[in-house]
Each structure stands twice: as structure tokens, then as C-alpha cells.
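**Student:** Each chain, letter by letter, is given below.
Number of protein chains: 2
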Amino acid sequence: MRVSVLFSGGKDSSLSALLMEPFFEIELVTCSFGMLPNGELAAQTAKELRFPHRVLNLEQEILEKAYGKIMNDGFPRSAINYIHEKAVETLATDPAVKIIADGTRRDDRVPVLSISQVRSIEDRLGVNYICPLKGYGKKTLNVLIGRYLQIEEGPSESIQKADYETELREFIRQRHGTEKVMELFPAHIQSHVLSRKQLV
Amino acid sequence: MRVSVLFSGGKDSSLSALLMEPFFEIELVTCSFGMLPNGELAAQTAKELRFPHRVLNLEQEILEKAYGKIMNDGFPRSAINYIHEKAVETLATDPAVKIIADGTRRDDRVPVLSISQVRSIEDRLGVNYICPLKGYGKKTLNVLIGRYLQIEEGPSESIQKADYETELREFIRQRHGTEKVMELFPAHIQSHVLSRKQLV
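Chains as they are written, first to last, in my numbering: chain A, -7 to 192; chain B, -7 to 192.
None of these hints come from the bench; they were simulated from the model.
There could be a bad hint or two in this list.
In this list, chains with the same sequence are indistinguishable; a pair is considered to hold if it fits within one copy or across any two.
To be verified - Subject to a maximum C-alpha distance of 25 angstroms in a straight line, what follows is the list of computed SDA-like cross-link-like pairs (lysine to any residue):
hint : residue 1 : residue 2
1    : Lys61     : Val89
2    : Lys153    : Glu81
3    : Lys130    : Pro87
4    : Lys90     : Asn134
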């Protein structure tokens, strides 16, 4: 049973793949608008994790609409959620894709699909959608991440990560400059996975 | 890292244990009011699954209060949820227990702890609580269950299972007879795990 895991190179999507590995055939999929070398960056991390990987190009129109949302809202939540929903839908239209997974945690606020969005995607597009971390709280996840993954952490503007946020930031930077990016995106700690830890 | 999995001998708690097995040290715990041989029944299933198992006796007062709820409501939902919450709390007060897991699915309606109940238990009692199946929909779970578990299914009154419902039914049967049980508990298909499937 093959699962296509939406993969940013971050610790949550990486851990999702690791937790499913004993039970599913794993494929990592990185969605990109082609604005930044997100695909190549994620491919390198996927190689370190020893999973097959591919890049899925998203329509430019999705990024334009997300841009409209963030400029209207003044903060990124609904824009990021919108890109995530469209990424799942785009992946779900691939006839070879039967199960989609992502790194959503129990305590995540963004990007999160609501249960009605999930059911709508499953019913309309004939896929199953899994969030392997959805039943886990922060403390247990931190222990698992610390045990299985080598990561680097830092402020969100300095860490290279292949998530939706990086391309949306770049899109806004090109149109409005770095200050506008700093204004719209609250600074937070990002992480990027380097490799699997060697288990003793 | 040891996880205590609330275990009824049903497919959901069994699959929870299997999905965590590669990453945690598993202990199965069956809660019982001692009205029926639930502990022995679950111990037999646990042995077939090759996990360590123990029985945790719950206070009679919990059953009395659950009885009050079901008689008042006319249906079992809040009574079963109440027993489940008290079972998690009772297990959490064991100083050796650090992580508690159960078989709650994404689409379950009962027994389900709300996110605020979960956070309250984690904060008050210093445990972490995991629902490994929480991010999985019905179709994917059915495939996993079919692949890993040998089960028997039948109407809820004929299948031997060591969950909270069986003892609450027995408590009501002793006081009011079988007809009252049939009236309060909607008939549904139950399942009981026989063993692990031998993987080829």
C-alpha cells in the first residue's frame, strides 16, 4: 500500500514518513511553485532519509490567490492553509495516488485541513488522507524527533526549508521587499532535517 | 520509552499497539470493574499478540456514576465517555506510567476525550496521551486491520470483548434484566481480535 507523503524537509513530514515506514510503501512529494529550488533542497533531504522523492509543480494561480489572502488578512494563516488544501487536491488528482499523508500534529493550527475539508477531498477525489502525527502531543513528538532525526534549527528567515511559506515569502519579497515579509510573517523557529540518526 | 495502551481485545486498541511497536516499548492494560472475566479474556488476546499485559481494577464508584448517566440519558454515550476518562485518569496516577495510548480513531464518536480533557489530564497528571489511530480514516484502518489481525465479528451481545460497555451492560442486566440492556444499547457489530496474521 503506497502512501504519498507531502514533504517539506521539516521534522514533522520526515517523522510522519518514518512512523509509517514499517507499514506502507513511502513516496515523498514536495509541492513547489518553482520560485525557489525547493524541489532540489527536499530531494537532498529525502535522499538522506532514504525515501523515494518527487516534485509536484503547483499552478501559479494558487500562489496568486494565497498572495491575495495574506495581503488582505495581514497574517499568513489562511493563505498557508489555502496552499495546503490545493496541494492535497492537486496530488489527489494523480490517478496513481491512493493515500496522501502529511505532518499535521495534534496541536498544530496551520496548515490544518478541517475534518469537513478532509472528508470532501476523500469523497470527491477518491483518496484516503492520513495524518500519522495527529494523535501525538508535543512532548512525545519531541522525544521521537530527537531519537530518529538529526536536525538544524534557527529563525525562519535563515533556515532553508521547502515548505509553502518559503515561496510565499519570496513572492512577497520580490513585489514588496524584505520589510513587508517581516511584517506579514511572525518570526518563529524553523527546523530542517539533515539526516536520520544512526541508531545504536 | 514505554507506552501503556488501554486494551479491550478489540481491533482498534490492538492495531494501536501494532503501529507503535517499532518505536515504543508496549504494555497492554485492561481496565475492569471485576464484574466479568474481562481481564482474563484480554490477557489471552494480548498473549496471542505477544505483548505484556496487566489488568487495572477501576473503582466501583465509577461504574455507579456511569450507571446513573446512562439511566438518565437513555443511551450510553456519556456513560462510556465517563468511564474512559476515569480509566485514563486512574492509569495516569500510576507513577510508573508516563505515556498512555488508546485506540481512538479519527471518525470515532465514543469513547473520545475532547482536546481540553486531554490537555487537562496531561497537565494535571504529568503523562502524555497518544491516539495513534487519530489521523487515520476508516478505509485505511480497514486495510491495516485486514493485513495484520485475525478477527471475529458479530452482534455486540454475542461477541466477547473486554471493553467498558460489556461490564456496564452486565451491571444493568443484573438490576433490570436483558430487555433494559437491549433498550439502552443500540445493537451494533462488535469485533474481537483472535491473533496476529502470519505475514508471508
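**Student:** Work down the list of hints and note, for each, if the structure agrees.
**Tutor:** Against the structure, the hints come out as follows:
no.: 1; hint: Lys61 with Val89; verdict: neither (29 angstroms within a copy, 46 angstroms between copies)
no.: 2; hint: Lys153 with Glu81; verdict: within (22 angstroms within a copy, 40 angstroms between copies)
no.: 3; hint: Lys130 with Pro87; verdict: between (35 angstroms within a copy, 21 angstroms between copies)
no.: 4; hint: Lys90 with Asn134; verdict: between (30 angstroms within a copy, 14 angstroms between copies)
In terms of the numbered hints stated before, the structure departs from hint 1 and from no other.
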